[in-house]
Amino acid sequence: MPEAATETLGLKVRDLTVRYGGVLAVDRVSLDVPATGITGLIGPNGAGKTSLFNACAGLVRPAGGSVELFGRDVSQRSPARRAHLGLGRTFQRIELFKTLTVRENVEMGREASFVWRRPLALLQALPAERRETRETADRVMELCRIGDLADRVAGSLATGEQRMVEFARVLASPARMLLLDEPSSGLSAGERKRFAEILVEAAEELGRGVFVVEHDMDLVARICRQVYVLNFGELIMSGTMEEALASDEVQRSYLGEPLAKQEAREREGEHA
Amino acid sequence: MHEYLALIIAGVADGAIVGLAAMGLVLSYKASGIFNFAQGAIGALAAGVFYQLYALWGLAWPLAAVITLLVVGVGFGFVMERVAHFVARASTTMKIVSTIGIMVSITSLFNLRYGGITKEFPSFLPQQTFQFAGVNIAWEEVIVVVIGLAAAVGMTLFFKRTLMGRSTRAIVDDPQLVGLVGINPTTVRRWAWVIGTAFAAVTGVLIAPSIGLDGNTLTLLVVASFGAAAIGRFSSLPLTFAGAIGIQVLVAISTKLAAEHGGEWQSVPTTIPFAVLFVVLLLSPKSWLVEVGASLQQRVVTVPRSSPLIGIAKLIPVVVFVALVPILFKTHMIAWSKGMVFVILMMSLSLLVRLSNQISLCQISFAAVGAVAAYKLGQDGVPWLLCLLLAGLITIPIGAFVAIPAVRLSGVYLALATLSFGMVLQSAVYETSWMFGTNPVPLITPRPGFALSDQDYFYLIAAIGAVCYLIVLFVERSRLGQLLRSKADSPIALEALGVNINVLPLVAFCAAAFLAGAAGGLIGPIIGIASPGDFQTIPTSLLLVALLVIGARNPHVGTLGASLGGAIGLIVIPEYISSYDVLQCLNLFFGVAAVEAAVASTRSVKPFRLPWAAKKKAGPPSDSGAPAREAGRPAPRVVEPAGGQSA
Chain P
5 MPEAATETLG LKVRDLTVRY GGVLAVDRVS LDVPATGITG LIGPNGAGKT SLFNACAGLV
65 RPAGGSVELF GRDVSQRSPA RRAHLGLGRT FQRIELFKTL TVRENVEMGR EASFVWRRPL
125 ALLQALPAER RETRETADRV MELCRIGDLA DRVAGSLATG EQRMVEFARV LASPARMLLL
185 DEPSSGLSAG ERKRFAEILV EAAEELGRGV FVVEHDMDLV ARICRQVYVL NFGELIMSGT
245 MEEALASDEV QRSYLGEPLA KQEAREREGE HA
Chain W
2 MHEYLALIIA GVADGAIVGL AAMGLVLSYK ASGIFNFAQG AIGALAAGVF YQLYALWGLA
62 WPLAAVITLL VVGVGFGFVM ERVAHFVARA STTMKIVSTI GIMVSITSLF NLRYGGITKE
122 FPSFLPQQTF QFAGVNIAWE EVIVVVIGLA AAVGMTLFFK RTLMGRSTRA IVDDPQLVGL
182 VGINPTTVRR WAWVIGTAFA AVTGVLIAPS IGLDGNTLTL LVVASFGAAA IGRFSSLPLT
242 FAGAIGIQVL VAISTKLAAE HGGEWQSVPT TIPFAVLFVV LLLSPKSWLV EVGASLQQRV
302 VTVPRSSPLI GIAKLIPVVV FVALVPILFK THMIAWSKGM VFVILMMSLS LLVRLSNQIS
362 LCQISFAAVG AVAAYKLGQD GVPWLLCLLL AGLITIPIGA FVAIPAVRLS GVYLALATLS
422 FGMVLQSAVY ETSWMFGTNP VPLITPRPGF ALSDQDYFYL IAAIGAVCYL IVLFVERSRL
482 GQLLRSKADS PIALEALGVN INVLPLVAFC AAAFLAGAAG GLIGPIIGIA SPGDFQTIPT
542 SLLLVALLVI GARNPHVGTL GASLGGAIGL IVIPEYISSY DVLQCLNLFF GVAAVEAAVA
602 STRSVKPFRL PWAAKKKAGP PSDSGAPARE AGRPAPRVVE PAGGQSA
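Each protein sequence line maps, in turn, to chains P and W. Under this note's numbering, think of the first position of the first sequence as 5, with each following residue one higher. Under this note's numbering, think of the first position of the second sequence as 2, with each following residue one higher.
Excised from the complex, chain P in its bound form (with noise of 0.2 Å):
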């Protein structure tokens, strides 16, 4: 195993704050993700965590703070910029090149990184940049066990399907740090089981940071070493699964205030 000490952040946020007009869906958060493992982001619905994500991803202008992606400060890049940079995501509502095959939608994802390596590449790929796509992609595949699919034309799979190619694709790409939107969401429980071995073994083997939004606390708890947890808008802690469940703040923004509280008027009635 390797020494905790050489660990690098990732992802740095720092006082981070999303505005639609008047509501405030991401106030003053600021976060620390490793650039190896899995950090997990949880919090009820409505809590901003769509809102942190695509801020951190820059597909919405934050009204203030800063976003730094391995040491360097993104906040002003835009989206394919941050994705140069090293920063992948999967999105909450499924976004696959439908009408492509499941092996174009991988290869998609290493081939978008040689566009604007030099002039020309935008229309012709090199023999060697074609190898390298497909080999990556293979090998993406295979680990995500949707190699038999390859051929299939993505917009006609499953739901559990094509979120497994969407994630294959942001594997297939160099990015190092990768956002991962509800990855787990319309996936049946036999689905999400298998969804987590692939993905701690993904991020074993290739040795990406992984910084997730999820609604299973099972699934989270069985692969975030560390998580965050947010309520409107809010950072309200962070710390292991365990830590977080056992939270009294935690169980009330899940279980909501008026339930939170009749629990303890209950306690308060056994006292009596």
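Simulated from the structure, these hints should not be mistaken for lab results. Incorrect hints may have been included.
Claimed, not checked - Stretch-level coverage of chain P by chain W, calculated; a stretch enters the list once three of its residues show a Cβ under 8 Å from a Cβ in chain W:
{"#": "1", "stretch": "44-55"}
{"#": "2", "stretch": "90-103"}
{"#": "3", "stretch": "108-117"}
We treat Cβ as the ideally placed atom computed from N, Cα and C, and that holds for glycine.
Chain W: place on chain P using the hints.
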């Protein structure tokens, strides 16, 4: 000052008339997500029906008006609602093609009945005038303004106050959901279409007395209402109405200036509505231009692929056929040569429509630029083939200019931007010294010395066509092609992978403009002259898109097949037909076929197999396409119906 007041009043009256059609357009667009390019044709049809009843059969005009409204407004509104229903899930390109199809059908029906000659249309509203502030105002003008204002106010209140009005917008995005709260979405949509077409009908009937009964002019005038709809952001009825009045006042004033100054001013009045449309689309914030109904387009037509062998097998009959054309059709070489040029034009269009799911309604304008460039270079003594190449290159900046809206806009707004660009070029630039010149003498465009005979020139075009086909094939199979397809499916995912997606439409438009420009350079020498009449945006650019889509009606037909089929239908067959009526019937057929192709595009597709391949099917199912992978290239896509699916 008084003369300007009179002009403004005339402009307001015209604006009230055009504003009705524009509001109807916005209304049906809001309710169905389908932008009705046939709005003008419906107006023309109404004028035709009214003319029949009032002028030919001698009915009293109020009775004639009511019958016209019932037949065209209500009757045709129902027809439009059905068409809209069938194409609701189709791609934007297909929706546009369906209404272009209706436009072509109506225009040909109109021409079948009334011929292509303008007939005088008797006025029916009171012509007496009264004095106001020293200006003569006709009662007719007062009446149309009152009708327009009443419609604008009534419609606005209807949308603000009634449940049906408020539910109209919700219906497009989620018809089932609206159904759940107890409103029948079909009823609401039908009402929106009935009102929309009725407004177009009223416009047609009111405007006809001042320009006469001429299908093409009437259609074009109402197309000018698109600019007003743009000012209303394609959603606000009062703003649309105000926009129409503003535009028509400008038109009225510029008409007077044109009459006084002549020269360059002549084209200004006809240009204004389209220039407004282009400028508004160019400058509007993107958030204003959200496409209605795009959320429904989630169905994916899964496109089966076949091996390169099948691709080559499909190519052989095409090559043999083209080689035999000069022998088989000796007497119609001009038609076939022109047809071959249009094959190139269609292929250039397919780069946009079929590959990258963008729509261009100004392809013939690119050709016009190329034609003029080739002519001018030829005048300067540049060798013929080099002229052609340079003509293509010169057209590229024009393509890049049109790509500016393409970077920001998609779907129907891009279609409107390209249409307005084509119309502005046609009405404001064609007849200046920059292009075809002000004098009516066409440009003399000789053939090259090495291909003087009709046959030789045909083969020359075919050879250049082959080169163009190779370019198209290269682009389709290159990294660029794959990127364009990816962007058509999901721009956001491609951007997240690190691709600057704004460059892609730019490159696609430049490539398409290059090919179209080169094709334009080939048109003139076919008969030795080039004139503006060869390069009309309406209908040619519209028909190019429609015919390409009809040609690709079967998704197994490749780019070449679709282009060839489309060009033969558009150019060659009509040259064999001398009867005006039969020609109109052919157009009617194209119109219906375009609607049918659009409807068919939402159905799924069966894989293509050669007859003998079906027998071998017992083997492992996954090895089709395996040879292509070995070769390290993607298997040739059997191309999807033009435009693909998602927006």
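- [ ] Would you list, in rising numerical order, the hints stated earlier that this structure does not obey?
- [x] The structure conflicts with hint 1 only, although it agrees with all the remaining ones.
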